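Each protein sequence line maps, in turn, to chains A and B.
By the numbering used here, the letter at position 209 of the first sequence is numbered 226, and the numbering carries on one by one without gaps.
By the numbering used here, the letter at position 39 of the second sequence is numbered 38, and the numbering carries on one by one without gaps.
No lab work stands behind these hints: they were computed from the structure.
Treat the numbers as computed from the prediction; the structure is a model and nothing was measured.
Take these hints with a grain of salt, some might be off.
Dumping the calculated BS3-like pairs for lysine-lysine here, alpha-carbon to alpha-carbon at most 30 Å [stated by the list, open to error]:
(1) K37/B to K104/A
(2) K49/B to K29/A
(3) K29/A to K42/B
(4) K49/B to K37/B
(5) K29/A to K37/B
(6) K49/B to K104/A
(7) K42/B to K104/A
(8) K133/A to K29/A
Derived coverage of chain A by chain B (criterion: at least 3 residues anywhere in the stretch with Cβ under 8 Å from a Cβ of chain B; other residues may be distant) [unchecked claim]:
(9) 62-75
(10) 112-125
(11) 250-259
Here a beta-carbon is modelled for each residue, glycine too, at the ideal position from N, C-alpha and C.
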Amino acid sequence: MWSFFHKLASPKHFYRIAGAWIPWLGGITLLLMVVGLYLGLWVAPPDYQQGDSYRIMFVHVPAAWMSLFIYVFMAVCGGIGLIWNMKMADIMAMTSAPIGASFTFLALVTGSIWGKPMWGTWWVWDARLTSELILLFLYLGYIALQNAIEDPRTAARAGAILAIVGSVNIPIIHYSVEWWNTLHQGPTVTRMDKPAIHSSMLWPLLLMALAFQLYFFTLLLMRARVELLYRERRSRWVRELMGNLQPSPLSNNREVI
Amino acid sequence: MTWNEFIHMGGYGAYVWSAYGLTAIVLTWNWVSTLLRKREVFKALQRSLKQQENLS
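Kindly produce the complete structure, drawing on both the sequences and the hints.
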């Protein structure tokens, strides 16, 4: 088990293992999405209060969950990179930021599109919406910081600190609907007792959430591989991969040591 | 549900389909931009490796 993780931390093995996983993850993502969309848009009945408009939930809620999950993932990877100086953790934190930003953007915009017919307004400055908007700015700030700093080590350190400090916003977003009076409805799935949602609507929601989760990991691995290749462009394994060097008989042994 | 009802979404068609359409565009764009970046990096690497080869 541990040797497997050690292997993953080594760039050469990460590149190979991630490359083998990507088609499988991508395939399962697509499958879950098709089934989730079919159940959510075709099979599930209209809501007794919101009619068919509630179907926006099947993309809005998973996107919002992902916006939080990816931020925590980014902060944890940043922290690991900061403490143990791990190149793979730096790359993971950096490559997850744009995906997180796009899910945050989707959560805000699909929420706005849902809010117009249900609340009568595209936007209100309430706690949930405002804190989610701040999350988008945190992501954009992180990306700008990465682009502004030339040296990848320094960029990773600065980014990690920003991500960790910014993570105080995460519980604020989660509990905002309980702490403040807001137009936004409270949680219906993550409650201690039974979810306040019928299973015909819960299933497509969970399938879409899982699909988004796997979508994130698929893209993360794809992006991390490309970034890794670029950062390691002067190393022997990359030159071997590009077909410019014959693999040396020693290179495999060196990797084990 | 009939095909017409599906498109109409009980009067909320414009809202529901714009939300889903936008999601599809963003998720697809993330994927395509990753592939474009991959191609760019591969080309740059092959170019620079070729230069090194010519020098040595």
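Verification of the hints:
Taken as a hint, the K37/B and K104/A pair is honoured in the structure, with Cα atoms around 19 Å apart against an allowance of 30 Å. Among the hinted pairs, K49/B with K29/A is consistent with the structure: their alpha-carbon atoms are about 21 Å apart, no more than 30 Å. Our distance criterion of 30 Å between C-alpha atoms is met by K29/A and K42/B, whose separation comes to about 20 Å. Using a Cα cut-off of 30 Å, the hinted pair K49/B and K37/B holds, with the two alpha carbons roughly 18 Å apart.
Only pairs whose Cα atoms come within 30 Å are accepted, and K29/A paired with K37/B is accepted, the gap being roughly 17 Å. This hinted pair checks out: K49/B and K104/A have alpha carbons roughly 27 Å apart, not beyond 30 Å. The suggested pairing of K42/B with K104/A holds, with an alpha-carbon distance near 23 Å, which does not exceed 30 Å. A distance of roughly 50 Å separates the Cα atoms of K133/A and K29/A; the hinted pair therefore is violated under the 30 Å criterion.
Here's how the segment 62-75 of chain A fares: 6 of its residues keep a CB closer than 8 Å to some CB of chain B, so the rule of at least three is met and the hint holds. By the rule of at least three residues with a Cβ nearer than 8 Å to a Cβ of chain B, the coverage given for the segment 112-125 of chain A holds, with 5 such residues. Given a C-beta distance limit of less than 8 Å, the hint that chain B covers the segment 250-259 of chain A holds, as 4 residues qualify and 3 suffice.
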